[in-house]
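**Student:** For reference, the chains in residue letters:
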Amino acid sequence: MSRLDPQPAERIDRSKKVEFKFDGKSVTGFEGDTIASALYAQGQRIFSRSFKYHRPRGIVSASGWTANTLVQDGEWPGVRATTERAKHGMEIKHQNAWPSLNFDVMRASDIFGGPFMPAGFYYKTFIWPRSAWPLYEKVLRHAAGLGVMKKSQAHREWRTDYRRRHCDVLVIGGGVAGLSAAIAAAREGADVVLVDEDVEPGGQLLWQGKHEQARKLAEEARAAGVEIMSSAPALGYFDGMVPVWQGSTLHQIRAQRHVAATGSIEQPLVFPNNDLPGVMLTTGALKLAALYALKPGENAVIATTGERGLEAALALQAAGVNVIAVADLLPNRSNELTAAVEAAGIQLMRGMTVVEARGNKHLKGCTLAQIDENGVAKPGTEERFDCDLLAVSGGTVPASSLMLQAGAKAKFNSEANCFLPENPPPGIHPAGAVAGKEELEAAALSGTLAGARAAQECEFGDGSAATAAANALEALPTPAPAAPSPAYQRTAKPTGKAFLDLDEDVTTKDMKYAIEEGYDSIELSKRYTTVTMGPSQGRVSQLPSIRAVAAQTGLSIDETGITTARPPWSTVPLGAWAGRPFTPAKRSAIHARQRELGSHVKWAGDWRRAYDYGDVKGEAAAVHQAVGMIDVSTLGKMIVSGPDAGQFLDRMYTNRLSDLKVGRIRYGVLGNDAGRITDDGTVCRVADDSFLVTTTSSGADAVERWFTWWLAAWEMEVHVTDVTQGLCAINVAGPKARDLLGKLTDADLSNEGFGYLDGHQIQIAGVQCLAMRIGFVGELGYEIHYPAACGQYLWDQILEAGTEYGIKPFGLEPQRILRLEKAHIIVGQDTDSESNAYESQMGWIVKLDKEEDFMGKWALERANERGMVNTLVGFKIDGDDVPIEGSAVVVDGQPAGRVTSARYSELLGQSIGLAWVPAEHGKDGSPLHIKYGSKNQTATIVHGAFYDPDQERLRS
Amino acid sequence: MSFLLNCPICGTREVTDFGFGGEIVVRPQDRPGERELNAYNYFRANTDGVQREWWWHRAGCRTWFQAERNTSTNEVLWTAVPEITDATQAPVSPVAQARAAGGEELR
Ligand SMILES: [Zn+2]
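Order-wise, the sequence lines are chains A and B. So for the first sequence, this note's numbering puts the first residue at 6; every next one is plus one. So for the second sequence, this note's numbering puts the first residue at 227; every next one is plus one.
Every clue listed holds true.
Computed spacing ranges between beta-carbons, pair by pair:
no., chain 1, residue 1, chain 2, residue 2, range
1, A, Ser663, B, Gln255, 20 to 30 Å
2, B, Gln255, A, Gln768, 45 to 55 Å
3, B, Val307, A, Lys92, 46 to 56 Å
4, A, Arg169, B, Gly275, 24 to 34 Å
5, A, Ser663, B, Val252, 20 to 30 Å
EDC-like, lysine to aspartate or glutamate: derived pairs with alpha carbons at most 16 Å apart:
no., chain 1, residue 1, chain 2, residue 2
6, A, Lys855, B, Asp256
7, A, Lys156, A, Glu80
8, A, Lys748, A, Glu805
9, A, Lys300, A, Asp393
10, A, Lys862, B, Asp256
11, A, Lys862, B, Glu262
No lab work stands behind these hints: they were computed from the structure. Note that CB positions come from ideal geometry on N, CA and C, so glycine has one too.
Please model the entire structure based on the sequences and the hints provided.
**Tutor:** This is the structure:
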């Protein structure tokens, strides 16, 4: 019903229908429609209720410059209905109105409120009592809701991705300036990307009757090799990286040179009821008509400070709108344009402007008048009109946010009557409106100049193209200035609110109060009133708010200044910055088999590991009594090789490893130069110049980094190869381990042939393995390292061979009990970044008599001289009352240490654990007081292993 | 923060591909005094301007290299694999950093 006859530049394809739902009702539009244009065609005029006062709001810019047309699209809140394409099957809902757009109970705050919600209302009202804040928050969130986030993101279907793109020149903005710049740069040979927020490049040309020119320019750009990205707003400028949001991908574009051709934004006028649906920028009215063939109103009045309004009057008239009058604030404008307006039968009212709008849910009429220097209507000049469209144009401001973020300074230019970015950092060139060149020809030339210069700076071209463009630009006449619009134009006794910022519902009164209360600088009043802080980032509110501050403080616009431009310039989901949410999991090659065997899986660092197989006690008992097997493929594994390998390890570990014999193993502790323990593991010499080093599961990456770092600093003939992923490892442990493996290998496993801490390369079930006799879990055991490709095969062979001995696979939890029975520490659980080897009961492994320097030697020497402050001790408690890990150790009623590990040992019939205590309270047999919450326990300190302290079982 | 680094092995990549090793500090040659030891372990110049630092191609070849970078502008003046013959240049423990980052620890 609002649809016009086919328009030459329309974007809709009338042969293809698009159906979607709005608040449950069916809407039919055409392909190419935005959500808003399809709704508008069906007569929808109210698109939202405002943030604070719940006033009805409609289309203003048709460009996404206000929050008026934000809607909920399925689970996406805050979708810009005026720029988002309508798609089949969309479920669109309005935001911020209850129960409906047409009737919103919160409107009462507007109608009856008086100064019900002045600036700072929330700050002042809801602060006391503190305890009630959660309740306030609930109510306020509902009242000021801008859409609904889906609470659980667990099953969400949308994903965000990022893509990196490096190019020579990035052109931001696809209007005439941007296209000209891209063409110029590409023709010189540069690799050029052009990003533009609209669905096709062309900018204002597209809806100002010059779409053919726009398409021709875009064609030229493509032919020159420019990569054009549409529907792709640039979000900010970060040290030369420009993130661009397109679809569901964040393009991180990095260019050697930038051209900022971000165009300009038409500014509104500030007058009572300037927020009524039906009051639009000329941009909005023209876009609706030209791009979507919509009649923006039947009877229109236009109020303008410059020539845009005159052009709009002619265009709207041509589209079939009855344009009644044009109020031009400039009293003496007389040129071809004014003649054309008058010839079209439109009443041209020079020196007048709009001083009020009337209507309840929609515009019904307005008053035009001459105004005095304060913006108040001069008596006797008022003329009332009935109209359903009031198109306003308060001039334009350059969209210079990206330039300012890049480091340019905003300076008020009285000739252009707006802030222009000056002194941009090297490498970023303004073009078009941001260069102060708004007129078509000037914009095109300034684009060519910027593009050619940018290319030249990337060492393309000889600069002649830039020189030619600069000369042509110089020759152009300077355009006539626009009339400066007043801060607030109104009738003598205004009724109704006049808005500076539609997003945040900030009125002229709010700004007045804010300044009276002392927030009299633009940055302060911005924060107090929240003006320009809404989703549209001040696009159509920055200049009005600056004018309002200037008018009241008596400062000039220049002195008042501009607020800091911050990213993001366009609304973007937080997910775009976060990227694809995923948690990579590491799984060993045997993981699947363990799942089949009934393992319970838990996270262990980055790994998914078998926590147990449902029988923690039974699994631990099997290791003590028969044999058990555990997948320890998660251990970090590195081959350290080369002529200097032994010498290098001597420098890294606290003990000596260069004298290790081939086929022998030594435990080692890694530390830093502050003497702190950072990791531990075993080192096995597999050949004269080659060692297999194991690390903790979570320390693998860090140790590799640590080793290679030092190797980068020292010139040593050593090579470090991380083989963590390449090798599987199984620990077969228990008194029957030897018998079991004997069935699978011909190798000599006797104590004489294969003793404790031997590491032999043998074949087990036909697989070449490195078998290491070590005893983390306290029984005779073999840690078998072998190629991951054979992972499952060897596991199966061992499990099958062990059936007759009652073998059980065991998980992490039984392993923790078993190692605790031996008081074997876990670095990072029982130690922290302050733990040194002496205090951690690892003094036996620090060889200060090593002549060579090693990591932490100097700090450990001092620690040794000074003696221990704290110490890590074992403790036992009769019974199965296990203290919680992290419980406080209490001395004289004061916290003095903590429990780091604690488990119940079925084998010992006791609870056992490790704890940090002050050294003087850590003697063997001393009592240890543990407190957790209100619970008090008394334990006995035990030095050494709880089980098999003489290592007989390990060596058996 | 966003800038490019030139890995001497792989070429130019986004900084997010790299791990930062901090400013280059001089490891004492002989047994240092306590003050010197603490300064070496814990004190950094935290230069506002050009400094020499360690980088590591984490998401690439895993090579450690050095760079000279202006910490104010993030301009990278050069990168190179060090050709160092003594123990004077000390990294600060990445292992400790990893530990500090937390996570359940296992043997
Ligand atoms: Zn690399």
